[in-house]
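First to last, the protein sequences are chains A and B. Numbered by our numbering, the letters in the first sequence go through residues 1 to 224 in order. Numbered by our numbering, the letters in the second sequence go through residues 1 to 79 in order.
I should point out that these hints are in silico values taken from the structure, not numbers from a laboratory. All figures in this text were calculated on a predicted structure; none of them were measured in a lab. Every residue, glycine too, gets a C-beta built ideally from N, C-alpha and C. Treat the hints with caution; some may be incorrect.
BS3-like mimics (lysine-lysine), calculated; alpha carbons at most 27 Å apart, straight line [stated by the list, open to error]:
id	chain 1	residue 1	chain 2	residue 2
1	B	K75	A	K113
2	A	K190	B	K40
3	A	K2	A	K70
4	B	K60	A	K34
Stretch by stretch, here's where chain B covers chain A in the computed footprint (C-beta under 8 Å, at least three residues) [to be verified]:
id	region
5	54-61
6	85-92
Computed from the model, here is a short list of chain B residues facing chain A with C-beta under 10 Å [to be verified]:
id	residue
7	L9
8	L14
9	K19
10	A20
11	G39
12	I42
13	I65
14	I76
15	E77
16	L78
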Amino acid sequence: MKVAILQFPGTNCEYDTQHAFETLGAETEIVWHKSEHIPEDTNLLVVAGGFSYGDYLRSGAIAKFSPVMKAVSAYADKGGKVLGICNGFQVLTEAGLLPGALKRNEGLHFISKHHHLKVANNDNTFLEKLSKGDVVNVPIAHHDGNYFIDDAGLQELEENNQILLRYTDAKGEILNPNGSVDSIAGVCNKEKNVFGLMPHPERAMESLLGSDDGVAMLQGFLES
Amino acid sequence: MTAIVNISLKQGVLDSQGKAVHHALDSLKFTNVTDVRVGKQIVLQLDTEDKTQAMADVTKMCEEILANTVIEDYKIELH
Numbered sequence: 001m002k003v004a005i006l007q008f009p010g011t012n013c014e015y016d017t018q019h020a021f022e023t024l025g026a027e028t029e030i031v032w033h034k035s036e037h038i039p040e041d042t043n044l045l046v047v048a049g050g051f052s053y054g055d056y057l058r059s060g061a062i063a064k065f066s067p068v069m070k071a072v073s074a075y076a077d078k079g080g081k082v083l084g085i086c087n088g089f090q091v092l093t094e095a096g097l098l099p100g101a102l103k104r105n106e107g108l109h110f111i112s113k114h115h116h117l118k119v120a121n122n123d124n125t126f127l128e129k130l131s132k133g134d135v136v137n138v139p140i141a142h143h144d145g146n147y148f149i150d151d152a153g154l155q156e157l158e159e160n161n162q163i164l165l166r167y168t169d170a171k172g173e174i175l176n177p178n179g180s181v182d183s184i185a186g187v188c189n190k191e192k193n194v195f196g197l198m199p200h201p202e203r204a205m206e207s208l209l210g211s212d213d214g215v216a217m218l219q220g221f222l223e224s
Numbered sequence: 001m002t003a004i005v006n007i008s009l010k011q012g013v014l015d016s017q018g019k020a021v022h023h024a025l026d027s028l029k030f031t032n033v034t035d036v037r038v039g040k041q042i043v044l045q046l047d048t049e050d051k052t053q054a055m056a057d058v059t060k061m062c063e064e065i066l067a068n069t070v071i072e073d074y075k076i077e078l079h
């Protein structure tokens, strides 16, 4: 199992992501954004969190033109699995690999805390180790995490089971920290091989550090 | 030629910054403001005098990178 992790100027979660996947037994490789290829034996490509290109213009907007992104699109088009976390989610929406867009948080503040999430759909590689309705506790750390999609787009997400996670309280009741449409924290594409979420499962790997709920989430990719 | 691109959130997309500014104006007793939208302006210097070409070029720039048309509208002025 080989996990390739993208690194843009301003990415800052690549080593956390590497640590998380290596803890789970995967082999990893960090791929610099100037590379025009991703390693051939890649089983999962992760677009890690951070502030690519200083979030200039819009979060993720400049990164989508990095040389490596053509390879990412080609990999995804061939059915390769791609996971975007936080800024990686923003990059994937900007690149058109995932529907919707991430706006400034409704309260205009940067939010950094643990937050509960409820599994909306588990008929996909990412969340297959969890059950629909399970509540996990995972850190969020973002300024532009306010997911937007128009009504027609939202209906399509619902019909195709593309909504992965919703922000809730510990009991699984909707609790929306940032104004996201339908309290959405993560989505996947129609083909269910490209995944994006604002919360950081790679930061929830050890109960000593607050939660190990990220293990069950990321493990989905390892055992497929 | 100068191109001025004004980018703002689409009508129907909640503009939290606009709302916060509106609230602040209200606190300062500017009570006749009915709506506030906050956007951004990008000024481009173009090496052409051909307005049709310039409009086509800048429109392409807006569609590809300057605006995210999922949530934003843009207006282009040429001078």
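Hints, one by one, checked against the model:
no.	hint	result
1	B/K75 / A/K113	38 Å, violated
2	A/K190 / B/K40	33 Å, violated
3	A/K2 / A/K70	20 Å, holds
4	B/K60 / A/K34	24 Å, holds
5	54-61	holds (count 3)
6	85-92	violated (count 0)
7	L9	8 Å, holds
8	L14	7 Å, holds
9	K19	9 Å, holds
10	A20	6 Å, holds
11	G39	12 Å, violated
12	I42	9 Å, holds
13	I65	6 Å, holds
14	I76	16 Å, violated
15	E77	19 Å, violated
16	L78	21 Å, violated
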